[in-house]
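So the protein lines, in turn, are chains C and E.
Take the first sequence: its letter number 22 is residue 7 in this note's numbering, and every next letter is one higher.
Take the second sequence: its letter number 16 is residue 1 in this note's numbering, and every next letter is one higher.
By construction, these hints were calculated from the structure, which means they are not laboratory data.
A hint or two may mislead.
[What the hints assert, rightly or not] Computed cross-link-like contacts, BS3-like style, restricted to lysine-lysine with a CA-CA straight-line distance of at most 27 Å: (1) C:46 with E:49; (2) E:-2 with E:49; (3) C:21 with E:49; (4) E:16 with E:49; (5) E:21 with C:-2; (6) C:46 with E:46; (7) C:21 with E:21; (8) E:-2 with C:21; (9) C:21 with E:46; (10) C:49 with E:49; (11) E:21 with E:46; (12) E:49 with C:16; (13) E:21 with C:49; (14) E:46 with C:49; (15) C:46 with E:21; (16) C:49 with E:16; (17) C:46 with C:16; (18) E:-2 with E:46; (19) E:-2 with C:-2.
Protein chains: 2
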Amino acid sequence: MSREPNVIYVGRKPPMNYVLAVITLFNAGNKEVTLKARGQAITTAIDAAEITRRRFMQDLKVNKINLGTDEVQMQEGGTRNVSTIEITLTTEAKPKEEAKATQKAKESA
Amino acid sequence: MSREPNVIYVGRKPPMNYVLAVITLFNAGNKEVTLKARGQAITTAIDAAEITRRRFMQDLKVNKINLGTDEVQMQEGGTRNVSTIEITLTTEAKPKEEAKATQKAKESA
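Working from the sequences, and respecting the hints, build out all of it.
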């Protein structure tokens, strides 16, 4: 799973960390970025997607959302089910807008 | 919003409460049930959808997932953005299966 270059695993960090990761991957030329999370981190993943879309990349579209369930081994023994989410974001930027976005990123760097 | 008869607002109760609500609405004849949640309750909504689909209604499909953002008034003044989710579940049961499901529900009642 760690081989996929355009997948971000969302954990316990603040949403803005993942927002930055999403923007970085899009600026690196990816047309599609996927956020994966499970359990309480699901809220963080959705926060990151919403913040990116509303504040930084207005042309971003939520392309696909998959729900799932993982079986997690407990320390005390036994297993527990944990819900998972995969949010796939795509950019529909036209060449011109894309160029502008790249320029903006360079300016703020 | 509270007029919609097939919408369940997910809050702080355990996921099984909402699982029961979903099953009840489907057994009442609804072809579509929507779970709405925001903030940390999003995880509970996804848990409820997954438990219903995997443990109780195998023919259930996640038809649509919408993400959104609500502005929430803070007690200390000011506003904060909270992510929201709407999960629409549909049953694709054929008449025969549906009859069986109803019968099962009656048996366990």
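Taking the hints in turn, this is what the structure says about them:
{"no.": "1", "hint": "C:46 with E:49", "result": "holds, 15 Å"}
{"no.": "2", "hint": "E:-2 with E:49", "result": "holds, 23 Å"}
{"no.": "3", "hint": "C:21 with E:49", "result": "holds, 18 Å"}
{"no.": "4", "hint": "E:16 with E:49", "result": "holds, 14 Å"}
{"no.": "5", "hint": "E:21 with C:-2", "result": "holds, 25 Å"}
{"no.": "6", "hint": "C:46 with E:46", "result": "holds, 22 Å"}
{"no.": "7", "hint": "C:21 with E:21", "result": "holds, 21 Å"}
{"no.": "8", "hint": "E:-2 with C:21", "result": "holds, 25 Å"}
{"no.": "9", "hint": "C:21 with E:46", "result": "holds, 21 Å"}
{"no.": "10", "hint": "C:49 with E:49", "result": "holds, 10 Å"}
{"no.": "11", "hint": "E:21 with E:46", "result": "holds, 16 Å"}
{"no.": "12", "hint": "E:49 with C:16", "result": "holds, 23 Å"}
{"no.": "13", "hint": "E:21 with C:49", "result": "holds, 18 Å"}
{"no.": "14", "hint": "E:46 with C:49", "result": "holds, 15 Å"}
{"no.": "15", "hint": "C:46 with E:21", "result": "holds, 21 Å"}
{"no.": "16", "hint": "C:49 with E:16", "result": "holds, 23 Å"}
{"no.": "17", "hint": "C:46 with C:16", "result": "holds, 11 Å"}
{"no.": "18", "hint": "E:-2 with E:46", "result": "holds, 23 Å"}
{"no.": "19", "hint": "E:-2 with C:-2", "result": "holds, 26 Å"}
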